[in-house]
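Participant: Residue-level listing of the chains:
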Amino acid sequence: MMKLKKDSQKGTLLNFVGIAVLFAALLVFQQSSFASPYMRGILIQCCYVIIMVTSLNIPNGFMGQFSLGHVGFMAVGAYTSALVTKALVQVGVPYTGLPGYAMFLVAVLVGALMAGLFGLMVSVPALRLRGDYLAIITLGFGEIIRVIIQNIPIAGGKGLAEGQAGQPLIGIKNFSNMYVIVGLTIACVALMYAFVRSKYGRAIKAIRDDEIASEAAGINTTYYKVLAFTVSAFFAGVAGAIFAHRGLGTLQTSDFTFVKSTEYVLMVVLGGMGSLTGSIISAVVLSILPEVLRAFAQYRMLIYAFLLVLMMLFRPIGLCGTWEFSLLDTLRGIRGHKPKKPQAPAGVKREEVSEDV
Amino acid sequence: MLTVKDIHVSYGAIHAIKGVSLTVNDGEIVSLIGANGAGKTTILHTISGLLRASSGSIDYNGTDLAKVHPSKIINLGMAHVPEGRHVFTRMTVEENLRMGAFISNNPAKVSENIDRSYQRFPRLAERRKQFAGTLSGGEQQMLAMARALMTDPRIVLMDEPSMGLSPLLVKEVFSIIKSLHEAGITVLLVEQNAKMALSIADRAYVLETGHIAMEGRAADLLNDDKVRQAYLGA
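Respectively, the protein sequence lines represent chains A and B. Offset between the first sequence (1-based) and our numbering: plus 21. Offset between the second sequence (1-based) and our numbering: plus 600.
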């Protein structure tokens, strides 16, 4: 037991070192000739897609309750935070430097809280259903949110008092920079990791495996389902807030269609249902891939489809299954140590696990 | 300990339980036997709160169970082993046992109870790091029972523990139930395997399409001609 505690301390320390290295790399990148606005744009895209996909993995992967309307919450976060920063600019808060970052974080928090609130409101009725029905109702809610936003005046045109319904929201000032966004992404992923590893996370995984047994074990399934959904919506709101402040200055409801939702679901499935590591990898790969394949843009969807079919045939559990990356174990592996505890086997295939009830 | 009084339960328009009353006294094994669709599982689910009775009352040591949320019933010392081996398939055996003690805030006690489970069910100790979904049917049943015992319940509701098991395993499961009884745990057992159920029970109820057809000492029912004809095939 003592050993385990020491291990976890070591792990935490190592993770901080890892984050420091990442930031150093970012600094080098910023100074290098690679750092065009285009490259920075891709990096920021990677960040919000990572948050979006990891947050979607909580209900879809860890809890096994399929949500298809997650961009709805992203939209709520995006529009709310954009309107908050617009209001801040109007009252004369400077949007460069430190106060700008602070205001940006405030806007992100407000956006995320609003998205979480919507998540709560949607999940209470929606989570009475499960499986295909839940997928359909969440899809419906996602579209409803989008259409509502499209029809409220303050969320269009110049926004706030001068808003015009049905127009893209324009003139969103950029309060953030790459470092803030990368830092925020790391914080979000760390929080979600802590969440799925906590007692709450265990309850959620138990619900995925067996609802009746969970209830018999004293887990209030309704409460935990709503909680997981709300937490997930909260982080989707963070992703939306970053998206709104990615530097283009505009937001339109067509950024939040059903097609986008399925793209994120695809990333969750590809990375592994129940692996945050997998979500991060697939989010990064599938954000960069379309850019690399720009020359073959018209074949992009074809390649996607092919990839997915291959995946389903040869590795139906997704890239990582339920495996999580650990810096400590990896370093030990490199130095030839055996991992301390037998790894939660990522290789157990779904076929081996009896799913019949 | 447990008194069910004149409960009626319906699934929509279907009136499944039509006025069932039963009592379970402290330290007893009580069996509930009957054919398919007689309502055995429905009664258990109603007691553990997964279903609600439209009328009647369920009293457990002075608490009205109809007012308790199903996830809180375990806090009252009542554990439910659902029908069909509901284990957490993508968790290891040990994680399953830990989930059984989800409501506990005492890690030392939990570790102690896990050790006790391994003593009671040596097969589970061999498989502690294995995913529960990869266990055999009998092992899953044992895991489901061990998990229910993680909170030191005073009464265990068992739903068809012998379902789908080989005769040898059925014997093993029943000897475990007996040992629980000897350890002072009260058991309400629902079974289709009437012969086995009657042979270990103190008292039994025979359920027929939603009402109690017969009740009495298990030994008496075992020798009753009607019961023998209808349920024991002799």
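Calculated from the structure, these hints are not laboratory results. For glycine and all other residues, C-beta sits at the position ideal for the given N, C-alpha and C. Accuracy of the hints is not assured; some may be wrong.
If we take Cβ atoms under 7 angstroms as the criterion, some of the chain A residues that face chain B in the derived model are [to be verified]:
| # | residue |
| --- | --- |
| 1 | Gly32 |
| 2 | Gly121 |
| 3 | Asp230 |
| 4 | Asp231 |
| 5 | Ile233 |
| 6 | Ala234 |
| 7 | Glu236 |
| 8 | Ala237 |
| 9 | Asn241 |
Participant: Each hint: holds or not?
Facilitator: Now for the hints, and whether the structure bears them out:
1. The interface hint given for A:Gly32 is broken, as the beta carbon of that residue sits about 20 angstroms from the closest beta carbon of chain B, more than 7 angstroms.
2. Checking A:Gly121 against chain B: minimum C-beta separation of about 45 angstroms lies over 7 angstroms; hint violated.
3. For A:Asp230, the suggested interface contact is upheld, since its CB lies about 4 angstroms from the closest CB of chain B, less than 7 angstroms.
4. The closest approach between the C-beta of A:Asp231 and any C-beta of chain B is roughly 5 angstroms, which is under the 7 angstroms cut-off, so the hint is satisfied.
5. Hint status for A:Ile233: holds, given a least beta-carbon distance of 5 angstroms to chain B, under 7 angstroms.
6. Given hint, A:Ala234 at the interface with chain B, holds; its Cβ is 4 angstroms from that chain's nearest Cβ, closer than 7 angstroms.
7. Taken as an interface hint, A:Glu236 checks out: its beta carbon lies about 5 angstroms from the nearest beta carbon of chain B, inside 7 angstroms.
8. Look at A:Ala237: its Cβ gets to within about 4 angstroms of chain B, closer than 7 angstroms, so that hint holds up.
9. Interface hint status for A:Asn241: upheld, as the beta-carbon distance to the closest one in chain B is roughly 4 angstroms, under 7 angstroms.
Checked against the numbered hints given earlier, the structure breaks hints 1, 2 and satisfies all the rest.
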